[in-house]
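Chains A and B, in that order, give the protein sequences.
The opening position of the first sequence corresponds to residue 1 in our numbering, with each subsequent residue numbered one higher.
The opening position of the second sequence corresponds to residue 141 in our numbering, with each subsequent residue numbered one higher.
Check each hint, because a few of them may be wrong.
Below, computed lysine-lysine pairings styled on BS3-like, alpha-carbon distance capped at 30 Å [what the hints assert, rightly or not]:
(1) Lys425(B) - Lys117(A)
(2) Lys242(B) - Lys421(B)
(3) Lys117(A) - Lys131(A)
(4) Lys131(A) - Lys421(B)
(5) Lys360(B) - Lys117(A)
(6) Lys523(B) - Lys385(B)
(7) Lys425(B) - Lys242(B)
(8) Lys523(B) - Lys360(B)
(9) Lys477(B) - Lys242(B)
These are calculated hints, taken from the structure and not from any lab test.
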Amino acid sequence: MNDRNLLRGLFIVAISLVFGIGALGYQIGHFDRPGPGLFPLMVSCLLLLIGVITVVRSRFVERVPVAFNVRNIAIILASLCGFALISEHLNMIAGIVFMVFCAAFAGSSYSVVRNLKVAAGLIVVALAFQKLLGFNLPLY
Amino acid sequence: MDVLHNLAFGFAHALTWQNLLFCAIGCTVGTLVGLLPGLGPLATISILLPLTYSIPTTGALIMLAGIYYGAQYGDSVSAITMKIPHASSIVACIDGYQMTLKGKTGLALFTAGVSSFIGGTVAIVVLSLFAPMLGEVAFLFGPADYCALMLVGFVCVSFVTTGSLLNGLAMCLIGVLLGQIGTDVNSGQQRFTMDFPFLAEGVGLISIALGCFGIAEITKNLDNKDERTPFNGEINLIPTWPEFKRIIPSALRGSVIGSFLGILPGGGPVIAQFAAYAVDKKVSKYKHEIGSGAIEGVAGQAAADEAAARTSFIPLMSIGIPENAVMALMMAAFIIKGIQPGPNMIAGHPELFWGLVASMWVGNCFLIVLNVPLVRYWLSVFKIPYAVLFPSILFFCCIGTFSVNNNLDDIFITAVFGFIGYAFLRLDLDPAPLMLGFILGPMLEENFRRALLISRGSFGIFFTRPISGVLLSVIGLFVLWQLAAFFWQARKANVARGLANIAPASLEG
């Protein structure tokens, strides 16, 4: 099952089905008076075709395993979402500090001092954006 | 002489203090970010696009263009010194890095800088001559022709950037479908919004770009854990006269090849580099040295790279159809600024068009100063450890997403696309065609529906009009050729397997 070519095909098929079935819910219309559902339906059908070809083709080519590293992407996404949540409810400076400390777990080494320096540097950059370039950042 | 007059007009706009400053900032920042590992022009532009929101139109576009070709330059520097294979500077890794291994880094950087300058200059001449001409042709295009042209673009980009027509086309179509999210302009129907109000206006371009290029790239680099060996920075830039003489012919060849390939749909820097390198390998006086660190191997491709980067503006500005993903992002930037690129742009906003052309030459001068005498200072960028770099890139992604609408919720969308982008990456799907599909999708639908309305529902219109007929038959031939190639390869593999099965049996016999 861990075959990159097969998974890719299935992934494409899944996307085409999501959009294709969604498109059926809108008015399709006729070719001389196309409704909002016609174009997405056509594109999804084409995509479905490509997905099916990819699945079939994966039976004939060599298998390549997928290297999906859940840990790093999870850490990065958590730090992004944390940044957004903390900036929304507290302020952005706290958000920056959280993001730097959380994201650093994904690196190959962890150093509190380095994180503090990076966070301080980024806060200075954010202040410069706010004061000099007129960005509307909720820093504090 | 019209062209000279127009160029003078352009320089009058490009040489104001303000625009000079924007050009300089764009080139510098572009080079700087382009030097960083894993950040090619696409990622650089998408991260820096929000910075230009508060700048006047001409200045903003001059700055963006500067960021783009600055990033191209920066890429080749990191390719030569560190062999960091960026998507846009693969060829520079071959001979450029070989020269570094021989201790001729300075010479390689000098060659790349000077050749890029030559390439850029030739391309600007081509740009100012051909863009207005092509603009006249564009008036002949009807909706069906636009559809066909966009499809040609999809096929070419899919094939060129990913090497696999199937994967690339799938990404284009996924992009088109993502572009469908939001309100349908013809009927007012909300499509695929799942009743989320923030999706009514569609998914943000910046969220997709930063998710797929910024977040996914960072995670990929973290997965690889590649520790880079810091470059020692010992370089000697000044070449000898015979060395300098070897640069010129190769660079000129590269410029011509690059200028031509940059105009074609799906063309652009990547394919131009390969073509120029291949030509140099065939016709250069020193062809036996190419591959093992020859000046020609660096000069030709650097010139072609820079030339194609600039001439790829031609289809965007004269027809209004971007021919590759970077140009699609540029087009988005034009539209954000309220300018619709297309045949009317040159006539409607001459100060913008000619100002941009002139600024490219100004930018060229900035870049040669930045990249030849000052290049040793840039190399210290490589000393920044990735552990410091990646939180900073993440931060810029956040600020970039936020500043589009001053809305923190957009960061969640970016995170979602970061995850999707990472999945694409791991499934070996290149996100560049997705960007093109996403930006062209709404245009494709608009023109498709218009063409069907004109023809009263008959698909004949796509085949009977000369322009779209020719373009669609080109696509048909290409798909047939791909199919044939696949079956031929499969048969060859089968025959080989058959032989392998027979051989042991006959030995035993």
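Consistency of the hints with the structure:
| no. | hint | in the structure |
| --- | --- | --- |
| 1 | Lys425(B) - Lys117(A) | violated (53 Å) |
| 2 | Lys242(B) - Lys421(B) | holds (20 Å) |
| 3 | Lys117(A) - Lys131(A) | holds (21 Å) |
| 4 | Lys131(A) - Lys421(B) | violated (53 Å) |
| 5 | Lys360(B) - Lys117(A) | holds (24 Å) |
| 6 | Lys523(B) - Lys385(B) | violated (34 Å) |
| 7 | Lys425(B) - Lys242(B) | holds (21 Å) |
| 8 | Lys523(B) - Lys360(B) | holds (20 Å) |
| 9 | Lys477(B) - Lys242(B) | violated (48 Å) |
In the structure shown, a violation is registered for the earlier hints numbered 1, 4, 6, 9, in ascending order.
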